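Protein chains: 2
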Amino acid sequence: MEQLAAGQYYLIYNAFSFTIATMGAATLFFWLAMGRVNKHYQPALVVSGLVTAIACYHYFRIFGSWTGAFVVTGDDVRLSGALFNQAYRYVDWLLTVPLLMVELILVMRLSSSETTRTSLRLGGAAALMIVLGYPGEVSGGIDSTRFLWGALSMIPFLYIVYSLFAGLSRSIASQPESARGLVNLARWVVLLSWSFYPVVYFAPFVLSLEGGTSVTVIEVGYTIADLVAKALFGVLIYMIAVRKSDAEEGRAHV
Amino acid sequence: MEQLAAGQYYLIYNAFSFTIATMGAATLFFWLAMGRVNKHYQPALVVSGLVTAIACYHYFRIFGSWTGAFVVTGDDVRLSGALFNQAYRYVDWLLTVPLLMVELILVMRLSSSETTRTSLRLGGAAALMIVLGYPGEVSGGIDSTRFLWGALSMIPFLYIVYSLFAGLSRSIASQPESARGLVNLARWVVLLSWSFYPVVYFAPFVLSLEGGTSVTVIEVGYTIADLVAKALFGVLIYMIAVRKSDAEEGRAHV
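If you read the sequences in order, they're chains A and B.
Counting from 0, one number per residue, gives the positions in the first sequence under numbering that gives the first Met the number 0.
Counting from 0, one number per residue, gives the positions in the second sequence under numbering that gives the first Met the number 0.
So here's chain A without its partners, still in its complex pose (with noise of 0.2 Å):
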């Protein structure tokens, strides 16, 4: 961990502690709001709060790392030693990205064995494209090691925005009319939020960026790509089951 400014050491605090409320609220919402959606739909919204509840435990983890990692007199902000733990990104990303796979997947309804099928395909990928980044993020430096592991994740990546983009399409065009627009918005969000990701994972080497900055970049980068694709991304969820849910019951929407 490099040395910080004040500045920075509370903009990355802030904007931690934001994460913890925003996912726990998230959570709380997808959970209490699941009786205005159809049954069938139910699934999607308890897997975007398991989402949600993941990603707050582990901001609260980071949190504590993170204060624990310095020591703060005034304006003058020091390492105390203890290591700030990186891994808690990727310790959560394991577990939830597969899950905004899944929870894409059980709004789109599909057959049970497709669902099933779908699921293991995509969220296989996504598990797989975290495991192969976190080698290059845990090497240190910002050099070829960081660069060759960020690539090969990109493989699985490449493989998820092409399924959602090719083999999903014809999903899509199944669905009814008044949620096939937030269905392929759903996917841009997918799409543009997790490329976010990578740019972040390799902004150090574009911008040449050092110490304090490149870690402010990364955190606070990470953050907002955490909360649009993981609570934004669940209120798409959310809004394309009321929907569908309301199609199938004749309501108009209105």
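What the hints contain is simulated information worked out from the structure, not anything from laboratory work.
Predicted, not measured: the structure shown is a model, and the values here were computed from it.
Possibly wrong hints are sitting among the right ones.
[To be verified] Facing chain A, a subset of chain B residues (Cβ under 7 Å, in silico):
#1 A24
#2 F28
#3 L31
#4 T72
#5 A165
[As the list claims (entries may be wrong)] Not close to chain A: a few residues of chain B, all C-beta gaps over 12 Å, as computed:
#6 A14
#7 S16
#8 T18
#9 A32
#10 Y56
#11 Y87
#12 E136
#13 L147
#14 A150
#15 V160
#16 E247
Where a beta carbon is used, it is the ideal one built from N, C-alpha and C, also for glycine.
With the hints as your guide, set chain B onto chain A.
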């Protein structure tokens, strides 16, 4: 407790934290998804969630005991003098392993008297298996004491395996066809994931491991076995309950 390298310390640290999150999320899933299954199968999901909730609690304690047992400064990992409490695992297993038998029996929906009888028989054997393994685990050394108690503990284990594969075969034949494959799979998950525990228990003998490597193999090994035997097994119980509920309500399983 032995001296550990920083990499070993943090691998175990992150494995424990990952397991807290997974067990907690699994618990919430089993309980939130109860509405999806016929009420006859809801007790199986209640018990599945109890198992992962108890494990979540114990991993929280194990995590605390782990961080308390070391003083970490940068890459320097030293013993603090506080004990890393191995007994948490056995206390956990004493509660959860009999309950794992009960959740499998509950989802099979045998007659009420058969459910009670089989639960007492297999649950009792499971508890005996744990009680017999404990003296060997805490004996400290990799010696004849560890070996003797481990061997004794295998007797109830083999009895459980025999019961699952011989005694329960008739009950499995009476399951609806759509669920039979999954029930059979659940038996195999019990056999394979439970077999992992004696493998870890005896690994220091067979591989002549010492010091930090032995600790790492034991802690990470038990943790993976717990994740499979409790969280993944619970998901399988949930899937069996869904298939059987659909079959009983005459819904085709597509």
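Does the claim that E136 of chain B lies outside the interface with chain A hold up, using a Cβ gap greater than 12 Å?
-> holds, 27 Å
Using 7 Å as the Cβ threshold, decide whether L31 of chain B counts as touching chain A.
-> holds, 5 Å
No chain A beta carbon within 12 Å of E247 of chain B's = holds, 16 Å
Can we confirm that no CB of chain A comes within 12 Å of the CB of T18 of chain B?
-> violated, 10 Å
Would you check whether the claim that Y87 of chain B is not at the interface survives, using Cβ distances to chain A and the 12 Å cut-off?
-> The assertion about Y87 of chain B holds, with a minimum of 19 Å to chain A.
Proposed interface contact between T72 of chain B and chain A, which counts if any beta carbon pair is under 7 Å | holds, 5 Å
Take a quick look at A14 of chain B and tell me if its Cβ sits farther than 12 Å from every Cβ on chain A, holds or violated.
-> Its Cβ does come within 12 Å of chain A, the nearest being 9 Å, so this is violated.
Since V160 of chain B was said not to touch the interface, does its Cβ keep a gap of more than 12 Å from each Cβ of chain A?
-> The claim stands: V160 of chain B keeps its Cβ more than 12 Å from every Cβ of chain A (closest is about 28 Å).
Per the stated criterion, does the least C-beta distance between L147 of chain B and chain A lie above 12 Å, as a non-interface residue requires?
-> holds, 38 Å
Beyond 12 Å from every Cβ of chain A: is that where the Cβ of S16 of chain B lies?
-> It is violated; S16 of chain B is separated from chain A by about 6 Å at its closest Cβ, not greater than 12 Å.
Interface restraint verdict for A24 of chain B against chain A (beta-carbon cut-off 7 Å) = Check passed: Cβ of A24 of chain B comes within 5 Å of chain A, closer than 7 Å.
Hint check, A165 of chain B versus chain A [nearest Cβ-Cβ separation less than 7 Å] | violated, 30 Å
Of the hints listed earlier, those the structure fails to meet are numbers 5, 6, 7, 8 and 9, in rising order.
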